[in-house]
Amino acid sequence: MLHLTDVRKSFTQPDGSELPILDIPEFHVAAGEQAVLVGRSGCGKTTLLHVIAGISRADAGKVRIDDWEITLFSEAECDRFRAQRIGYVFQTFNLLSGFSALENVLLAMRFARGRADKARARQLLKRVGLEHRMTHRPAMLSVGEQQRVAVARALANGPKLLLADEPTANVDAGHQQQVLDLIRETCREENVALVLVTHGAEVAEQFERIDHLEQFNRAGAVA
Amino acid sequence: MSLWKVAWRSIAQRALSSALTAFSMGLGIALVVAVLVIHGVVHQSFERGSQGYDLIVGAKGGQLQLVLNTVFYLGQPIENIPYDFYEEFIVGRFEPAVEAAVPVCMGHAYKGAPVVATVPEMFEKLTYLDGREYAFAEGSNFEQHNFYAAVAGATAARKIGLKLGGTFQPGVVAPDGHADHEDVPFEVVGILEPTGTPNDNVLFINMEGFFRCPAHAMEASSAKQLLEGGNHRDETHEHDADDHHHDHIHKEVTAILVCTRADRPQLAMSLREVINEGQVAQAVQPTRVIADFFQNVVGNLQLLLLMLAVLVVVVAGIGIMVSIYNSMSDRRHEIAVMRALGAGRTTVMAIILMESILLSLGGGLLGVVLGHGLIAALSPTIVEQTGVMVSALHFQWVELVLIPGLIVLATLVGYLPAAAAYRTDVAKSLTAAQ
Ligand SMILES: Nc1ncnc2c1ncn2[C@@H]1O[C@H](COP(=O)(O)OP(=O)(O)O)[C@@H](O)[C@H]1O
Ligand SMILES: [Mg+2]
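Protein sequences appear in the order of chains A and B. When you line the first sequence up against the numbering used here, it's residues 1 to 223, in that order. When you line the second sequence up against the numbering used here, it's residues 1 to 434, in that order.
It is possible that part of the hints are untrue.
Calculated pairs, BS3-like style, for lysine-lysine (alpha carbon to alpha carbon, straight line, at most 30 Å) [unchecked claim]: (1) A/62 <-> A/160; (2) A/118 <-> A/62; (3) B/159 <-> A/118; (4) B/428 <-> A/62; (5) B/5 <-> B/428; (6) B/111 <-> B/159; (7) B/111 <-> A/160; (8) B/111 <-> B/163; (9) A/126 <-> B/159; (10) B/5 <-> B/60.
Okay, the calculated bits of chain A under chain B, using three or more residues with CB under 8 Å as the criterion [to be verified]: (11) 16-24; (12) 68-80; (13) 97-111; (14) 205-214.
These are calculated hints, taken from the structure and not from any lab test. A virtual CB, placed ideally from N, CA and C, is assigned to each residue, including glycine.
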């Protein structure tokens, strides 16, 4: 369902020269599949997820999700597509601090479809074990709980693809496994394809499919 | 969850800075409201005084001074005109053009209230506001043969504490505003209902009694004639037995309030021309003089005040802009998160504009409440000074303009921060925080 072909991305450095970050000839994830991408810090994992989600534009190449080639989309189309079909879990949770757990989930629905489904939002929060924390603001939640809200939020609009950017890196050691399990289980339940990036081997080795970004990213070898 | 709610949340998150900026907007709007209401009050109070007669005849000189003096009892006392001239309106050559003519003598006061000597017709033939007739709350009008009778305006009676049957001795107003000497006591025979005109503050006395006060025998013009050689006192002694001996002494009036005949407008116009061409007096149309004065002086002054108030609002608007714009650096990340969740550029821009509109309208609402509260607090003073009743709910139609006006202002000042939100680089802002 996710297909990358010859995706290239480079950043302009302060001295004006171009620094290639991504040069990926081929990358493919099937529907409902769970893939982990491993790479050391700074090798371009976040950049890749941004390109897949349409948050950043690739300099060249194609990103296809199901039958849509999002690299041809306008920015507004990308925004809408991302809202409705892609879930994103950030390394630093990125919950909106002024809003309760429930409202964070509702807002994601609001931005995607213009309206919010309260029943589904509650059900999702219950699923991630936060039925008694719905009206709590992020500041009143533990980091593990915050990341669980973020997972519920990412699944709010029933995406077919979930992108998770080092989702356990900022969670305390005691809860990392819990968060990881939650992501994998919920994706399985909702038949969502998962692309999880990490620099940690202990997370990666739990997956059946492990890809090393540095191996198939030609730019990574240069950097 | 509506975008308005999202905007409101981010206002609430910066409660102190939001409250301060909204408050400064509130002060500006309160100022605008106060200026608008006071404009209405001043306008009304200026228009109210002069109705019921269409000409004021008085000594030659400044038109405005004559009107301010006669209608509003303001400003320095003015010259008098001879009593004979008044008689021209009653029995003389001006009579055909005249419906009613009421003489007034100014320059006296009692405990801060102007004392006006006049004739009973003042309350019988003249009306006030839109043709309303004077009514007495207590007692009745004085009669011409009751020389030392007086009628008190509602406010004057209340302030001084004059009751029916009470007496007072008017004095001449010296240039420093103090009443100089005391005359014969006058008895209050009637207290007027409130009229909402400057007359509420006045004590009216019978002109006949006024002319008979011993002190007046030596008043300005009479005394001058005495020194110039004319000896009126001796002249009057010849008729001492005569009950009307005062008819022959040098009597003067300050002004004549003339109601011309509505059925003969041509005559009325000629009357004004004839008087103004003569040597003795001038005739002015109070409504026109007041309208001119209002437009040229008061109106412009208030326009200036209004402009200043609007300027305060604009400055408050800029305050809102600065406040939101300053918050943008903290919020760039939050905006990037919203964008990553799928909110479009225009959506985040709209949220910022809504914030600006909420702050402006919220401040504006506060300002309207403040402004009207201020008016309510001042209303006793305003009634006292002008006779115009204002309540806290004395809304002006122009105030409705505030709503679209504030929305436009909010959109303008919100544009800069909103554009910053629009331009936010999502990928960069997301990673910057990591
Ligand atoms: N906006 C940017 N401008 C320039 N360089 C960037 C930008 N974003 C990321 N980079 C660089 O690209 C490289 C890859 O970054 P990133 O994808 O965040 O790595 P990872 O997530 O694997 O740690 C890093 O060297 C980083 O400094
Ligand atoms: Mg990263």
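Hints versus structure:
A hinted pair counts as satisfied when its Cα atoms are at most 30 Å apart, and residue 62 of chain A with residue 160 of chain A qualifies at roughly 19 Å. Proximity of residue 118 of chain A to residue 62 of chain A is assessed by CA-CA distance (about 36 Å); at most 30 Å being required, the pair is judged violated. Straight-line distance between C-alpha atoms of residue 159 of chain B and residue 118 of chain A comes to about 67 Å, which puts the hinted pair past the 30 Å bound. This hinted pair checks out: residue 428 of chain B and residue 62 of chain A have alpha carbons roughly 22 Å apart, not beyond 30 Å.
For the proposed pair residue 5 of chain B and residue 428 of chain B, the alpha carbon gap of about 27 Å is at most 30 Å, so the pair holds. Simply put, residue 111 of chain B and residue 159 of chain B have alpha-carbon atoms about 9 Å apart, close enough for the 30 Å limit, and the pair holds. Of the pairs offered as hints, the one joining residue 111 of chain B and residue 160 of chain A is violated, with about 90 Å between alpha carbons and a cut-off of 30 Å exceeded. Proximity of residue 111 of chain B to residue 163 of chain B is assessed by CA-CA distance (about 15 Å); at most 30 Å being required, the pair is judged to hold.
For the hint pairing residue 126 of chain A with residue 159 of chain B, the CA-to-CA distance comes to about 74 Å; that exceeds 30 Å, so the pair is violated. Restraint check for residue 5 of chain B and residue 60 of chain B: not satisfied, since their Cα atoms lie roughly 69 Å apart, outside the 30 Å limit. Remark: the stretch 16-24 of chain A is not confirmed as covered by chain B, as 0 of its residues place a Cβ nearer than 8 Å to a Cβ of that chain, below the required three. Coverage of a stretch by a chain is defined here by at least three residues with a beta carbon nearer than 8 Å to that chain's beta carbons; for the stretch 68-80 of chain A and chain B the count is 4, and the condition holds.
Given as covered by chain B, the stretch 97-111 of chain A passes the check, having 9 residues with a CB less than 8 Å from a CB of that chain where 3 are the minimum. Counting residues of the stretch 205-214 of chain A whose C-beta lies closer than 8 Å to any C-beta of chain B gives 0; at least three are required, and the coverage claim is violated.
In terms of the numbered hints stated before, the structure departs from hints 2, 3, 7, 9, 10, 11 and 14, listed from lowest to highest.
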